[in-house]
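K.L.:
Here are the chains, one letter per residue:
There are 2 protein chains.
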Amino acid sequence: MAKVRILSASDIEKLFTLDMAVKAVENAYRQKSTGEGSVWPMVFHEFVHGEADLDIKSGDLKCENIFGLKVVSWYGSNEKHGLPDLFGTSLLFDRETGEPKALLNAGPVTGLRTGAAGAIGARVFARQNSEKLLMVGCGAQSPYLIAATLFAMPSIRQVMLCNPRNPAKAEEKLACLSAKVESLLHGCGAERAYTLEAATDLEAAVKNSDIILTATPSYEPMIHTEWVQPGTHFSCIGSDMTCKQEIDSDILGRALVFGDDENQCLSVGECEKPYQQGVIAGLKAEIGDVITGKAEGRQKETDITVFDSTGIALQDLSSAAVILAEAEKKNIGTIAEL
Amino acid sequence: MAKVRILSASDIEKLFTLDMAVKAVENAYRQKSTGEGSVWPMVFHEFVHGEADLDIKSGDLKCENIFGLKVVSWYGSNEKHGLPDLFGTSLLFDRETGEPKALLNAGPVTGLRTGAAGAIGARVFARQNSEKLLMVGCGAQSPYLIAATLFAMPSIRQVMLCNPRNPAKAEEKLACLSAKVESLLHGCGAERAYTLEAATDLEAAVKNSDIILTATPSYEPMIHTEWVQPGTHFSCIGSDMTCKQEIDSDILGRALVFGDDENQCLSVGECEKPYQQGVIAGLKAEIGDVITGKAEGRQKETDITVFDSTGIALQDLSSAAVILAEAEKKNIGTIAEL
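If you're matching them up, the sequences are chains A and B in order. Counting in numbering that gives the first Met the number 0, the final residue of the first sequence is number 337, and the numbers go up one at a time with none missing. Counting in numbering that gives the first Met the number 0, the final residue of the second sequence is number 337, and the numbers go up one at a time with none missing.
In isolation and in its complexed conformation, chain A is listed as follows (with noise of 0.2 Å):
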């Protein structure tokens, strides 16, 4: 008889930090590159077009001793009922056994492991003394970006928030975001000195930024490549289904391009248009094998440096596999027999 731990959305937010996001998010790009970690075929169905679907991810890490899946399901109309949009739902197993270990409400995992994705993307391919950094988009996502990347990198002393399509929301939005950043810090036990403020010239924005990250829904480029100075990094979040852009095309064919997934990226993400336009023939490489030094990043200080991060399962899987580790060490969540 299993027993299986069960972690609520509440038992994970007192888990889960934004340190654990970094450290297993780059762990999951490591045994991608050492093939210790392994993705399975997703499932995908829609129940009406536009209106519901979900996907099921699947894998294994060995260093984890895990296997699992997370299934998330959109419902577009669930917001009238009172209810959320999304739903996340992670199962993990025992790898040598094959027994069932524990159901994890995969919800607040997003954010964080979100974050420290663009997070990791810039403390590999930016320069180490960047110090000023933009956030594009000021939705849900932005304030674990930006703390997870002030985290990443203790060289940043500027941050700028902008929202290209509305520039008065990211004024709005900065007292709350401020909040979020300095207690997902503070959860770590991180301290950072920086100012935040809202930019709303984005093109004097980009001049003057060493670090982009951007976490928009736009299909159309916002940032265009006369903008770009030598030496900029981008970490592109937003792009994660096909015909989504955020930058430049010309950006990319200027730039070393990186992503998390070489086939995820040059079909649904930041690559995907650069790709089909002929303007890139592939990524320079994925991130794990630059963290695994299969692979070399930047080469100098003056190159253009993009991270695609289109999301890849085992993120998930290995930032599910750190907090049931924590919550087994501090014995948190309910335990039912199966």
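Since the hints were made in silico from the structure, they are not lab data. Yeah, the Cβ is synthetic: ideal placement off N, Cα and C, and Gly gets one too. Be aware that a few hints might be false.
Computed far set for chain B versus chain A, every beta-carbon distance over 10 Å [what the hints assert, rightly or not]: (1) Lys13; (2) Gln127; (3) Arg164; (4) Arg253; (5) Gln275.
Derived lysine-lysine pairs resembling DSSO-like cross-links, with alpha carbons at most 27 Å apart [what the hints assert, rightly or not]: (6) A:Lys61 with B:Lys79; (7) B:Lys283 with A:Lys79; (8) A:Lys79 with A:Lys22; (9) B:Lys79 with A:Lys2; (10) A:Lys2 with B:Lys328; (11) B:Lys2 with A:Lys329; (12) A:Lys79 with B:Lys61; (13) A:Lys13 with A:Lys299; (14) A:Lys13 with A:Lys172; (15) B:Lys2 with B:Lys243; (16) A:Lys2 with B:Lys329; (17) B:Lys79 with B:Lys131; (18) A:Lys2 with B:Lys13; (19) B:Lys329 with B:Lys283.
With chain A's structure known, arrange chain B on it following the hints.
P.N.:
Just chain B, lined up with the frame of chain A:
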């Protein structure tokens, strides 16, 4: 915050009875035929060839307002560590909202739902006045098949148990198997008057049967076409992966051949070899289409009929759905916040 019901193996043993299994499996076949149930692509991963693997089967059932998945892992060496070699875990969701609803230990579901499949095959295709049932194979599945068929076909008066590879085993297992059959019938309030005895001569038993159920791990046909009398029905359960075969290809050549899922029957079921040999060109129909009246079943008393039961994800999903409904009614299981 979703609330999830956790149903353990012992909860399910209390909840799930033969009559529920027969109803659930028939319902799965019906919804496959009407298109109200859909099966999504299976994920299969082999950790070590012939030593450890898993599959993830998923799908939805409109009438039950449910979607879900079942993970089955098999670790051949688990026995050494005092663990079961198979773990089955099901996760169910609300099909209207995507909300997670229940986590079930699917282990105790398998016996009943597989027994129910063989029994429904008999009820749909065998002669309605069938009195003599032969069970070939005396493994874990046999009491479920016998009990479900006695339940579904009250005309049966005589049950024979034959184990071709080791005929003495049928005699040895008889008492234990008989007790299990009685307990399964008793569990749903059914009483049947029948005899149950071991048969050592397979040929004689086949010649003397109206209905034959096969559930063995055989890779070579055990039942030969010369033995088979007009009017006989076969429900073949054992062939669940490529290269398995329980009855002569020529029997299928003489018979009206039905199955649960045409693609699966022709690729991994009892139909695989006869199909490859050109003895049959395909199924006459899927059982669901016969149940819904879209296709014809048996046409005359002298027809030989074969039902190839390979097992489909909707059987598990439909079973899990009725178990969950019963658990909610009786308030059985552990409720956890997710």
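K.L.:
Against this structure, judge whether each hint is valid.
P.N.:
Each hint, compared with the structure:
Every beta carbon of chain A lies more than 10 Å from that of Lys13 (chain B), the smallest distance being close to 13 Å; the non-interface claim holds. The claim that Gln127 (chain B) lies off the interface holds: its Cβ sits roughly 39 Å from the closest Cβ of chain A, which is beyond the 10 Å cut-off. The beta carbon of Arg164 (chain B) sits about 28 Å from the closest Cβ of chain A, which is more than 10 Å, so the claim that it is off the interface holds. Arg253 (chain B), annotated as away from the interface, keeps every beta carbon of chain A farther than 10 Å; the closest lies near 40 Å.
Even its closest Cβ contact with chain A, about 27 Å, leaves Gln275 (chain B) beyond 10 Å, as expected for a residue assigned away from the interface. For the proposed pair Lys61 (chain A) and Lys79 (chain B), the alpha carbon gap of about 21 Å is at most 27 Å, so the pair holds. At most 27 Å may separate the alpha-carbon atoms for a hinted pair to count; Lys283 (chain B) and Lys79 (chain A) exceed this at roughly 47 Å. Between Lys79 (chain A) and Lys22 (chain A) the alpha-carbon distance is near 38 Å, which puts this suggested pair outside the 27 Å criterion.
For the suggested pair Lys79 (chain B) and Lys2 (chain A), the alpha carbons sit about 20 Å apart, so the restraint of at most 27 Å is met. A distance of roughly 24 Å separates the Cα atoms of Lys2 (chain A) and Lys328 (chain B); the hinted pair therefore holds under the 27 Å criterion. Between the alpha carbons of Lys2 (chain B) and Lys329 (chain A) the distance comes to roughly 23 Å, so the proposed pair stays at or under 27 Å and holds. For the given pair, Lys79 (chain A) sits about 21 Å from Lys61 (chain B) by alpha-carbon distance, which is consistent with the 27 Å threshold.
At roughly 41 Å between alpha-carbon atoms, Lys13 (chain A) and Lys299 (chain A) are farther apart than 27 Å, so this suggested pair is violated. Between Lys13 (chain A) and Lys172 (chain A), the direct Cα distance comes to roughly 25 Å. Compliance with the 27 Å bound is thereby established for this hinted pair. Taking the CA atoms of Lys2 (chain B) and Lys243 (chain B), the gap is about 43 Å. The hint is violated against a cut of 27 Å. Restraint check for Lys2 (chain A) and Lys329 (chain B): the C-alpha separation of about 23 Å stays at or below 27 Å, so the hint holds.
This hinted pair does not check out: Lys79 (chain B) and Lys131 (chain B) have alpha carbons roughly 41 Å apart, beyond 27 Å. Only pairs whose Cα atoms come within 27 Å are accepted, and Lys2 (chain A) paired with Lys13 (chain B) is accepted, the gap being roughly 19 Å. Note on Lys329 (chain B) and Lys283 (chain B): the hinted pairing is violated, with a Cα-Cα distance of about 42 Å set against a maximum of 27 Å.
In summary, the numbered hints that this structure violates are 7, 8, 13, 15, 17 and 19.
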